[in-house]
Amino acid sequence: MTSGSTTLERQVTLIELVDRVLNKGVVLSGDITLSVAEVDLVYVGLRLLLASVGTLESLQSELT
Amino acid sequence: MLHLYALTQHPARLPEVRGLADAALSAAEVDGIDAVLSQTAGNIGEATEEAILAHARVVEELAALNDGVLPARLDGAYENEAALVAAVRRRAPQLAEALERVRGCTEMGVRVLQEPKHGSAQAESGSKYMRGRLEEIRHAGRVASDVDEAVQVFVRGSTKRVLASQQLVVSVAYLLPRSEVDSFRSAVETAEQAWPDLTFVCTGPWPPYSFVLVDGDPLGPA
Numbered sequence: 001m002t003s004g005s006t007t008l009e010r011q012v013t014l015i016e017l018v019d020r021v022l023n024k025g026v027v028l029s030g031d032i033t034l035s036v037a038e039v040d041l042v043y044v045g046l047r048l049l050l051a052s053v054g055t056l057e058s059l060q061s062e063l064t
Numbered sequence: 001m002l003h004l005y006a007l008t009q010h011p012a013r014l015p016e017v018r019g020l021a022d023a024a025l026s027a028a029e030v031d032g033i034d035a036v037l038s039q040t041a042g043n044i045g046e047a048t049e050e051a052i053l054a055h056a057r058v059v060e061e062l063a064a065l066n067d068g069v070l071p072a073r074l075d076g077a078y079e080n081e082a083a084l085v086a087a088v089r090r091r092a093p094q095l096a097e098a099l100e101r102v103r104g105c106t107e108m109g110v111r112v113l114q115e116p117k118h119g120s121a122q123a124e125s126g127s128k129y130m131r132g133r134l135e136e137i138r139h140a141g142r143v144a145s146d147v148d149e150a151v152q153v154f155v156r157g158s159t160k161r162v163l164a165s166q167q168l169v170v171s172v173a174y175l176l177p178r179s180e181v182d183s184f185r186s187a188v189e190t191a192e193q194a195w196p197d198l199t200f201v202c203t204g205p206w207p208p209y210s211f212v213l214v215d216g217d218p219l220g221p222a
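Protein sequence lines, in the order shown, are assigned to chains S and U.
Numbering of the first sequence is given in our numbering, commencing with residue 1 and proceeding in unit increments.
Numbering of the second sequence is given in our numbering, commencing with residue 1 and proceeding in unit increments.
Okay, chain S solo, but in the shape it has when bound (with noise of 0.2 angstroms):
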């Protein structure tokens, strides 16, 4: 795999992320609104996709 398309799966899977925490799962009460913060898609979520904080940092620079 090239450097070029992990990229990218990383960015797919960040937005997917943010998406599936913010816009699906279970919603018990209607009656609770959450205002969402203007996210930054590309940064979100790389601590829990990735072993370690060190790896996390090295990419944020790749995706800068």
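No lab work stands behind these hints, which were simulated from the structure alone.
For glycine and all other residues, C-beta sits at the position ideal for the given N, C-alpha and C.
Please note: incorrect hints may appear among the correct ones.
Cross-link-like lysine to any residue pairs, in silico, SDA-like; alpha carbons within 20 angstroms at most [stated by the list, open to error]:
1. Lys117/U / Glu149/U
2. Lys160/U / Asn23/S
3. Lys160/U / Val12/S
Here are the computed distance ranges between Cβ atoms for each label pair [as the list claims (entries may be wrong)]:
4. Ser179/U / Asp19/S: 21 to 27 angstroms
5. Thr7/S / Gly132/U: 28 to 34 angstroms
6. Ser186/U / Thr7/S: 21 to 27 angstroms
Got chain S; can you put chain U on it based on the hints?
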């Protein structure tokens, strides 16, 4: 206030990770369903990166430890345990059914991407634009059918969005047994070969966020 991460069959196996604002996790049992939660100082107010990560991490760890998990949306907090218990109890039968459906399963995402087309934004006429758009949507539909066909032997459900946008052609979420993840990936890679101008990106495995109940309506299988 209480923050809800996910629902699972009782007794829930709780992970060692901490929740939002480093709070400890606990479970409240309602009619055989455990609501996994933590105390919060107040409503989180906005979905910060930190909150999204903490929520997603707990849900992922729960999915690794429990056979069936229904992730909760990051969508606010409950006043107290009584309010949360009442909310779960109101939908307990549907939630139990949804838990059964996702038991032993995981979710995989497939996004089909294309290079944005340049110079095609200005159509010569409205009708020409409409014909072009219709063809894009048909094309996206064919791609979606191809992906479906390639993975149908592995999956138990899907939620599909045929977008036919500039870059994103199709976005699909599939529910499949955890043991089929590798076969699923291979099948998607094979399907991609028939579409040299497109890039197929597989994501996951995810906890089954797309296969839960929302406001009482089941989402998927489609």
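Hint check:
1. For a cut-off of 20 angstroms, the pair hint linking lysine 117/U to glutamate 149/U is broken: about 27 angstroms separates their Cα positions.
2. With a CA separation close to 15 angstroms, the supplied pair lysine 160/U and asparagine 23/S stays within the 20 angstroms bound.
3. Annotation: proposed proximity of lysine 160/U to valine 12/S holds, straight-line Cα distance about 16 angstroms (limit 20 angstroms).
4. In this structure the hint that serine 179/U and aspartate 19/S lie 21 to 27 angstroms apart at CB holds, the actual value being about 26 angstroms.
5. The hinted range of 28 to 34 angstroms is satisfied by threonine 7/S and glycine 132/U, whose Cβ atoms lie roughly 31 angstroms apart.
6. Distance hint check: the CB atoms of serine 186/U and threonine 7/S are about 22 angstroms apart, consistent with the given range 21 to 27 angstroms.
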